[in-house]
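Novice: Protein chains in written order, with the numbering used here: chain A, 209 to 496; chain B, 1005 to 1608.
Among these hints, one or two may not hold up.
[Stated by the list, open to error] These stretches of chain B come out as covered by chain A in the derived footprint (C-beta under 8 Å, 3 or more residues):
no. : region
1   : 1098-1106
2   : 1113-1123
3   : 1129-1136
[Said to hold, decoys possible] Computed footprint of chain B on chain A; a stretch qualifies when at least three of its residues, placed anywhere within it, have a C-beta under 8 Å from a C-beta of chain B:
no. : region
4   : 251-263
5   : 342-351
6   : 371-378
7   : 471-478
[To be verified] Residues of chain A placed beyond 10 Å of chain B at every Cβ, according to the derived structure:
no. : residue
8   : A355
9   : I388
10  : S419
11  : V432
12  : I455
13  : P484
Hints were generated in silico from the structure; no laboratory data involved.
The C-beta atom is built at its ideal place from N, Cα and C for all residues, glycine as well.
Below, each chain spelled out in residue letters.
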Amino acid sequence: MTIVWAGLSVGAVYALTAIGYNITMTFGGVFNFAHGAFVILSAFFSWFVTVDLGWPWWTGALLGAALGALLATVEELVAVRPVLRRTDTRALLVTTVGAFVVIEGMLGATWGATPKSMEFFGGSEPLTLLGGHMFPVDVWLIGVAIAAGVSLHLFTQRSLWGLAARGATSDPDAAKTRGINVGALRTAGFALAGALAGLLGPLVTPKTGASVSIAVSMTIFGFVALAVGGFGSFLGCVVGGLAIGLIQAYGLRYLGVEYPPVLLFLVLLAVLLLKPTGLLGKRGVRAV
Amino acid sequence: MTVRLRTLLLDTPAFALAVFVLVAALPYLGIDFYWQRQVMLIAVYTLLCSGLNLSFGYAGELALGQVAVFASGAYVAAILFNHGHTDILLAFAAAILLAGVAGLVSGVPGLRLSHWSLALVSFFFVLLIPSLVSILSEYTGGSAGLPGVLGPTLFGRPLFGKEFYLVAVTVTLLWMLVFRNMVVSRFGTFLRVLAESPTLAESLGGSVYLLRVQAYVIGALPAGIAGVLFTYMTGFISPEAFTLTLLIALLAATVLGGADSVWGAPVGAAILVLGPLQAASFQRFSTAVYGAFLIFVGVVFSMGLAGLARAGRRRLLRRWPGPAAAGATAEAPALTIPGERLEVSGVAKAFAGLKALNGVDLTVEPGTITAIIGANGAGKTTLLNVISGVLRPDAGRIALAGRQITGLRAHRVSRLGVGRTFQTPLIPPRMTVREVVESGRLRSGRVGLLAAVLRLPPFYRTRRADGQAALAALSFAGLDHLADEPAGSLPLGTRRLLEVVRAVAGKPHVLLLDEPAAGLDDDGLRELLMLMRRTKEAGGTVVLVEHNVPFVMDVADQVFAMELGRVIASGPPDVVRRDQRVIDSYLGRRGRATDEQLTEEVAG
């Protein structure tokens, strides 16, 4: 059972990353390759505020949210908006990868390659639940991931904002003629995703540590969670994330430390070949 | 400047070849070992960037796994060496095979989805390198790596120093020539068309999916070759050489040189190796700088140095115009177009409850012009899309000369002889008028990739035939004086004509025209009318969807009027124009029903 909790909690981190991707996709119609870097940025920032400066954890969360929103907005304005007007999508791939690298490079240059760790604000005493050991941070992570997924799902399905967003991403021109400010919605989506990443810093960092070397795996596993769960579905992000977390934990325990990435790669291939829209996705991110 | 010299400089890779020969001779001219190493590193990066040119620049797919394929080639060479197989040709063969497999594995799952899915699946490979190296550490030496990989052999003869250098430069040159031959061929034209619009590529007979797979997989091959060269060059292999920073640097070099170019790769690679970012003081910030560079180039400067070179070349060419277009003799051969009979019966297509087509029947004979008119929303363009295979009908049959084409995919339908134009002309702006018309010929015959790469006689035969047919089609339409202009510089009317000419050049059995007269002034309409009459006289089957009713009445032999997905009237233009139902559908019938009721009541 301990393995299950370990898997679910790391899966929750992937689910939250996937949710970040899904926010920009749902509100802006754009896949923000740099989001994984935002998660790592918030990890370093919350470490910096809480451990280096010694301020309370919630200041780390709030300041992180503000920083994340600000930087994400800058990214959208500089690297995404000017490029979306072009007919070929190539440039967008290049600029968002560039944004990822800029953030990752600055983090590395500022704080170096040694991983940093921080304590969880809710305590570090292990607890026992259903026969398995886990830490308070794990309980919080799983709970927050599910809450975030469900609330965003309800928001996009039921609220007027959500409806506007779905209209804007499926047919931007039609949405514009209905008075929806497609560009502002997209910028808001980026800001929201950045803010979410920043806000969750004090929650995620005690679990993952702050280090540049996990930026790549965070980016990729977040994508795998999104692909498995279904593009466009917030509930899918949660399901997908938790599922791959479990696969990773079991692979780690029974096969060894080098196997989880290979396992997850095979899972990704299987999903993309057999059910490209993912478990819960309706509209795939189809090009043809 | 004589004609031969001009052709030699502009149309053949003679200049690049000369540069490579010079570079190959450098050790014999006395450069020392350090610089030899730098040149070999440039060669390795050239191969890597060139692969990215093909998969990213031409096919638009971001192959972030290029570094992983590079690593696989390097490890294959090292492992073979350690097992006693030192022959470099064997290493190349194994690396190419592995690269092809890696390309397929990372490409096929993502290709039906967006560009992002493919980019991230290939990015995953970067993550897999340390894992796979660990799992297979018995062969790969784990994180410590494999030392002592020195002295490859070629046919039993060891290659050291200058000879290995020569092999490296020669192999790079050979790949660049192969790549160039691929780009200057039907395959290359398909890729350029694909970059402009996948719909256009399909309508010219190219399977978008197959083209993308081909470009993506072939783009991985040079990375494998680069890996082999790299291992033997450094003599040592470890997983630390294959980092994210290298991948980003390669991407930056590719984009700087010009992603959709051939000779941009060596330029970008040279700048990468010899440029300022190699200085030690930059190392700490190098990653961030590369990233900022990518954003900058992506936003501002996307054509790269090659784009600048192309613009400069165009200016030069304007100052020194070439000879008159070869083969433009007084009388172009008369054009015949093999029109066939098109039968559409009972076709229905619904979009989630909206019945766009509700049982359409029509027959079109060769050597005639048939027009389809109707108010907006009548289903005219949907009908064209169904006939050309862009959409699959829910019911009904479509036959061309008796052969069923219902439900076939667009590129298959195109290959069976259905040509079409689009409401907004889909013409790659940077192609010349001649190239655009030649692209209309892609529909028939084979792509012939192998013949193109090796420049075998069939390639030259096809090229000559394409050129002659294009010229014939251009003079058929009276556009031959524009043959070398870039298509993007033409006014709308001429571009519409060009689309029709492109379709005609492919000798279509049926020609579908989607509102060709829209937005044309009187002169443009006159030219279009003439072109359509000549197409009909040459034997073509023309189906024309049009709003401009006077134009239709002038040009059509028979007219079908549609409303809400059905044909409501058909026959010669005069009859249809007077048909009450047609008039009603354009002008409305409010108040008419009460009149009719009254008339019936009065009549008893």
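Novice: Evaluate each hint against the coordinates.
Specialist: Here's how the hints hold up against the structure:
no.: 1; hint: 1098-1106; in the structure: violated (count 0)
no.: 2; hint: 1113-1123; in the structure: holds (count 9)
no.: 3; hint: 1129-1136; in the structure: holds (count 6)
no.: 4; hint: 251-263; in the structure: violated (count 0)
no.: 5; hint: 342-351; in the structure: violated (count 0)
no.: 6; hint: 371-378; in the structure: violated (count 0)
no.: 7; hint: 471-478; in the structure: holds (count 3)
no.: 8; hint: A355; in the structure: 27 Å, holds
no.: 9; hint: I388; in the structure: 22 Å, holds
no.: 10; hint: S419; in the structure: 14 Å, holds
no.: 11; hint: V432; in the structure: 8 Å, violated
no.: 12; hint: I455; in the structure: 14 Å, holds
no.: 13; hint: P484; in the structure: 6 Å, violated
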